[in-house]
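Colleague: Chains A and E, in that order, give the protein sequences.
Numbering (our numbering) for the first sequence: 1 to 725.
Numbering (our numbering) for the second sequence: 1001 to 1725.
No wet-lab data here; the hints were simulated from the structure.
One should not assume that every hint holds.
[To be verified] Using 20 Å as the maximum straight-line C-alpha spacing, the simulated SDA-like pairs for lysine to any residue come out as follows:
| id | chain 1 | residue 1 | chain 2 | residue 2 |
| --- | --- | --- | --- | --- |
| 1 | E | K1225 | A | E672 |
| 2 | A | K659 | A | G526 |
| 3 | A | K393 | E | T1397 |
| 4 | A | K675 | E | T1397 |
| 5 | E | K1675 | A | E396 |
[Stated by the list, open to error] So these bits of chain A aren't anywhere near chain E, every CB distance computed over 12 Å:
| id | residue |
| --- | --- |
| 6 | L170 |
| 7 | L300 |
| 8 | I323 |
| 9 | I324 |
| 10 | G350 |
| 11 | I368 |
| 12 | S382 |
| 13 | F426 |
| 14 | V437 |
| 15 | I483 |
| 16 | D536 |
| 17 | F551 |
| 18 | K600 |
| 19 | S671 |
| 20 | K675 |
| 21 | V678 |
[Claimed, not checked] A short, non-exhaustive set of chain A residues, derived as facing chain E with CB atoms under 7 Å:
| id | residue |
| --- | --- |
| 22 | A400 |
| 23 | I403 |
| 24 | N533 |
| 25 | T541 |
| 26 | L543 |
| 27 | L618 |
| 28 | A639 |
| 29 | V642 |
Think of the CB as a built atom: it goes at the ideal place given N, C-alpha and C, for glycine as much as any other residue.
There are 2 protein chains.
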Amino acid sequence: MTGFTLTLTTALSLLGLVIAFFYMKKVTGVPLDLGLEEKDASRLRFIHGAIAKGAMAFLKAEYRVLFVFMVAFAIFIGLVINYNVYDASHTEVTGKVMGWYTAVAFLFGALISVASGYIGMKVATAGNARTTVSAKADIGSAYKVAINSGAVMGFALVGLATLGLVLIYLFMSWALADIGQHNNHVLMEVIAGFGLGGSTIALFARVGGGIFTKAADVGADLVGKVEQGIPEDDPRNPAVIADNVGDNVGDVAGMGADLFGSCAESTCAAMVISAIAFAGDPNALLYPILISAVGIPVSLITKLLVGVKTEDDVAPALMKLLIISSVLMAVIMYPLTKMLIPDTFVILEGGDSYSNMGVYWCFLSGLIAGLAVGLLTGYYTSENYAPVKEVAKSTETGVATNIIYGLALGYKSTVLPYLCIAVSIFVSWQLAGMYGVAIASLGMLGTLVIALMIDAYGPVADNAGGIAEMVGLESEVRRRTDILDSAGNTTAAIGKGFAIGAAILTSLALFAAFLTASNAMLISKGLPEVSVNLLDPLVYTSLFIGAVLPFLFTAMTMKSVGKAAFDMIEEVRRQFRDIPGIMEGTGEPDYAQCVDISTKAALREMIAPGILIMATPLVAGWLFGVSAVAGILAGSLVAGGVLAISSSNSGGAWDNAKKFIEAGNHGGKGSEEHKAAVVGDTVGDPLKDTSGPSLNILIKLSAILSLVFAPFFVEYGGVLLKYLG
Amino acid sequence: MTGFTLTLTTALSLLGLVIAFFYMKKVTGVPLDLGLEEKDASRLRFIHGAIAKGAMAFLKAEYRVLFVFMVAFAIFIGLVINYNVYDASHTEVTGKVMGWYTAVAFLFGALISVASGYIGMKVATAGNARTTVSAKADIGSAYKVAINSGAVMGFALVGLATLGLVLIYLFMSWALADIGQHNNHVLMEVIAGFGLGGSTIALFARVGGGIFTKAADVGADLVGKVEQGIPEDDPRNPAVIADNVGDNVGDVAGMGADLFGSCAESTCAAMVISAIAFAGDPNALLYPILISAVGIPVSLITKLLVGVKTEDDVAPALMKLLIISSVLMAVIMYPLTKMLIPDTFVILEGGDSYSNMGVYWCFLSGLIAGLAVGLLTGYYTSENYAPVKEVAKSTETGVATNIIYGLALGYKSTVLPYLCIAVSIFVSWQLAGMYGVAIASLGMLGTLVIALMIDAYGPVADNAGGIAEMVGLESEVRRRTDILDSAGNTTAAIGKGFAIGAAILTSLALFAAFLTASNAMLISKGLPEVSVNLLDPLVYTSLFIGAVLPFLFTAMTMKSVGKAAFDMIEEVRRQFRDIPGIMEGTGEPDYAQCVDISTKAALREMIAPGILIMATPLVAGWLFGVSAVAGILAGSLVAGGVLAISSSNSGGAWDNAKKFIEAGNHGGKGSEEHKAAVVGDTVGDPLKDTSGPSLNILIKLSAILSLVFAPFFVEYGGVLLKYLG
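Here chain A stands alone, though its shape is the one from the complex (with noise of 0.2 Å):
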């Protein structure tokens, strides 16, 4: 039974590989011309193409950045991070590990993270064609496809997350016991290099994508639509394509990046903890891996549960997806943890002792939690609710009420999340410690497969109607992928609600597990354990410097989109001008030179708030020590979880208001109003779409980047302290 664990998870992840490969099929199996006449069937393969081409060619782009990045990274991490392991005096050294076996998790958990974005991307990028074909027969087929192929996605993220979580964990513990290192607790530091890589990708995916769809969104909108006076999704206008490989690079690839990362960073969180708790009881020591892999079956049953037939069906389906998976996951939980997890234990030798029903109790805290954060993102986004009505209403009265109730519902709407996320990590902290936490964290991204599948339907059911438009196919289709859409876009904002209270659980998560870690590597060498005091003036300095880091954040990629979108916008105008024929649809549009536009501008403006993220706990970690990172941490979380949520309500609800009065309120399309609304609109886009979610990276990353250099703050840091005094 030792193995049972290890055996059902690898079997797990298998399955959702198989599962994902199997839906893959489905999804290409659908042919792109089908039911279409030549002309449209050949103008369609020419858009979908080119949709296509643009999305990998900013993944390649991307990608070619990256690997040098990472390599520079992963010799920085081989060089800087030594352990030395004591003996029980503290004095002699034992064992000495280098960083880089770190640098080795590292560069396999980025690697993992690019081979998720890429199978997510492709088959977004294969099915959104097929989606507007499928739409001409009935709603039911064309629904089918899309929500195939976010099932690859989720299917396949989950199951190379905890494949490679596994494969990791076997390779490592074979690795150091070769070179005599028994020590769990080292080998969960090593593993952290894992989530680091994923994060690290995540980082530079949101940010860089969230650059790339609101430079092609804006510079589409603003020359297109608002200059030249073509609707939306017109082949006329050279950013269209752009504007569509937008929604797969910020939607798919990032989104999935960043999910990939929480779930990979909250296992590698409880594992550190599970590391000192479980250590002679492997069972219980991948228990973590496990709650993420048992996802699998679980949301495939509740996908074949699941079906839609009439319009109607829709949206309801969607919700029911979430909601049932939710409860099929408490169910399952309940044994599983009462089998796996001892009736009582303890963390450290003394402490406080704890119970499996306990364990339970967290893992069910956070799915809870992360369903009342999602439900509560919904209520303050949808046009169906007072707050987003509010806001429509406020155009009445010109665009500066329009901002100022839109800034309003965002700051509001960050305190019904935080309570429950705060109630979420009381409990889970007293009913098992610090391993609760991340248990809770860990409960919220239960549902992981699912929130993937809904998260990646969405921009597929967008682009289907971009390409309906695109190809020119009758009306009808169109209605239907606009259906498809909007029920899309109620579970997107759900979806990102989970997204932060996971990432908020994960990076508090974190925080314990860089502190446990520092702890054991100072008392392993005779010293004093860190503060993290409130009365210690390191600590509270740095909290300071910590609230502050995602204001500054939000105020570089909210200027990083502004100058995409200039450099977008000069080219949509220069095309307009100088292509002859173009308004009149003789002329072709350069759609490329626009996606490369997007491209060069997304890659040069994520660099600046890349490294500032990454910079800013190694340098005050090696000026500083481990309280001030610690400070640091703390003040990021608490003040970038507010600024991520309020961001993305403010932008969600200014989106659904201009949605509300488009659909014949206060005055409908074409007025004052309308126009107000838009404003609103625009100014939410970088806040939802680019720096809202971003921020979700900043307080993973800057938590799971302090873990893997714990040993050296604690080998190196604090120099400048030492120099003062």
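Use these hints to put chain E onto chain A, whose structure you have.
Modeller: Same frame as chain A, now just chain E:
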């Protein structure tokens, strides 16, 4: 020599009152009809009277509401706060101090705050029209009237604050001694009630004043300027008087109460700690009050050194006031600190040993950090520098980019001020512990008289211009008052920076005082000290709750302004519709009705945010105890400070970007760029004049409230935790 500090402080505070009285006479000595024809003179007297009457009507209405609230809250304090003083064995109660002493101090602090606001408002509304008529002669005399009006506010307020602190100290020493209670620590806890009283008045003055002024401003602008197309300050606009009243209500009474609160609170915070450190040394004990008192003669000398002859002198004169007084303070505090503070001292027996030179450096670090934060605020909000120019340029691509760039500027502008504050905190904490932080905050407030002088000068000059317009005086008068006004705007921005910086340091010092006081009480009961460790679930969870408070508070106040402005818009529209001949200038608008609308809306809307701030720490402490309160304070301090700085600076930048465009850049007045800039300015108004400054109060008030209620939390707090087990 034992009474040296006491005598000197008392003498200086009385000197302050004498100086204030002297300047009051100088201001009121200027005849209201100086150099005017009878027609103009009677018109000016009417308008001047209407503003003064409106301001007083608001103050009276506000004070009536506050009277009821303050008395009720004083009774609450008296009922729930009880100290048991234990003997060395922690078991026998040797003394009992009732909260009624604190309640008396609370009401006394409130009374002084009200008096300061009243005096400031009286002289500001007396000085405005006199500045107008003096501007007919030359700029030098107009400047003199305006700055003298400000001087009354500055000297009176600091004089009253220091005298009040001395009086409450003497009275409470006597009263407590009378019941056989000689514990300095208890004495200081009681005196903290004085700070709480001042701060509670400040809360309502800031929030109420902020809502009043913006409702009137938006109402006047939107209906008058935009809908009816009449110029700013046109006497035909029914809201024009309310608008001018608002400047006094918000910037004179609100800002005055805010800074009085900071001064009283940071003095209390320093004295709570010095009560322990310097129990037997009254000279050192009262040193914190002396710092503020020394500002009185220093500011007098500075004011006498700086004069204005030509128009170009005005802006440099205000800056000189700030710089010279800072230098003088730095010089004079050196010997005083050496003399009054012992060469070496410890705060707690067995704790770190500090020196008087260290204390001086703490003072200096606060003074310098205050200047730096002020200048940085000026940099980010003045149209002479790159940031605002960039925001102005962003209007070329429309409203949305203007909003995005303004928000990004605000976010970015928080970094350097936070660094300055963090360095000041770190340095002073290292040099003299939490006492050092309190001294640093007093250092930042060292130039308080001058800061108040400049702050109150602003609305006087602004009103003077409005009066010139309304009376219809020659354009040369308006040009001169505009020069005074514009110089005031820049320094007002600097003053805002000071106010925020001082609030942050004060709040931190109060935080420390709160924990010091709580621990002293716990120890005397034989209980363990309170945990403020970031690895304590209660602390970390509370950090989240604290961080969300400023956002909720901002959302509430922003929407309050919206609602109040809506009432005003309705009323102004009604008057334009119903009063015959109003646009032709033959019908008299009903100014008083508009003042009344603003007053009612302000009083109605200030309740909910006020209760939020006051109730949160009380409820948290009652349910969860001292650790929870500590977490909430820390969270709301770090998040609230960033939000306060960014709100103020975004608003200031939009305002000045608009002025920059109005000066003829980017298309000038009436262009599309200008329209975009006007929207930005309107969005920024509630941020910079209502919610931003009110956040200052939030972070200070919640801290001093916790300090005052520390005995309650220790005796009766944490009921929910006890109930849960």
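Colleague: May I ask you to test the interface hint for I403(A) with respect to chain E, counting a Cβ-Cβ separation under 7 Å as satisfied?
Modeller: Holds. Min distance 5 Å.
Colleague: Per the stated criterion, does the least C-beta distance between K675(A) and chain E lie above 12 Å, as a non-interface residue requires?
Modeller: violated, 9 Å
Colleague: So, A639(A) near chain E? Judge it on the closest CB pair being under 7 Å.
Modeller: holds, 5 Å
Colleague: So is L300(A) really clear of chain E, every C-beta pair being over 12 Å apart?
Modeller: Its Cβ never comes within 12 Å of chain E, the nearest being 36 Å, so this holds.
Colleague: Return the status of the interface hint for L543(A): holds when the least beta-carbon distance to chain E is below 7 Å, violated otherwise.
Modeller: For L543(A), the interface hint holds, since the closest Cβ of chain E sits about 5 Å away, which is under 7 Å.
Colleague: For the pair supplied as a hint, K393(A) and T1397(E), is the alpha-carbon distance within the 20 Å limit?
Modeller: violated, 25 Å
Colleague: Per the stated criterion, does the least C-beta distance between I483(A) and chain E lie above 12 Å, as a non-interface residue requires?
Modeller: Given a closest Cβ separation of 29 Å, the condition holds.
Colleague: Would you settle whether the hint for T541(A) is holds or violated, based on the nearest Cβ-Cβ distance to chain E being less than 7 Å?
Modeller: holds, 5 Å
Colleague: Please verify whether K659(A) and G526(A) have alpha carbons no more than 20 Å apart.
Modeller: violated, 62 Å
Colleague: Does G350(A) sit more than 12 Å from chain E, CB to CB?
Modeller: The claim stands: G350(A) keeps its Cβ more than 12 Å from every Cβ of chain E (closest is about 16 Å).
Colleague: Just want to verify: F551(A) was marked as not at the interface with chain E; is every Cβ pair farther apart than 12 Å?
Modeller: violated, 4 Å
Colleague: Would S382(A) pass as off the interface with chain E, using Cβ distances and a cut of 12 Å?
Modeller: holds, 19 Å
Checked against the numbered hints listed earlier, the structure breaks hints 2, 3, 13, 14, 16, 17, 20, 21 and 27; every other hint is satisfied.
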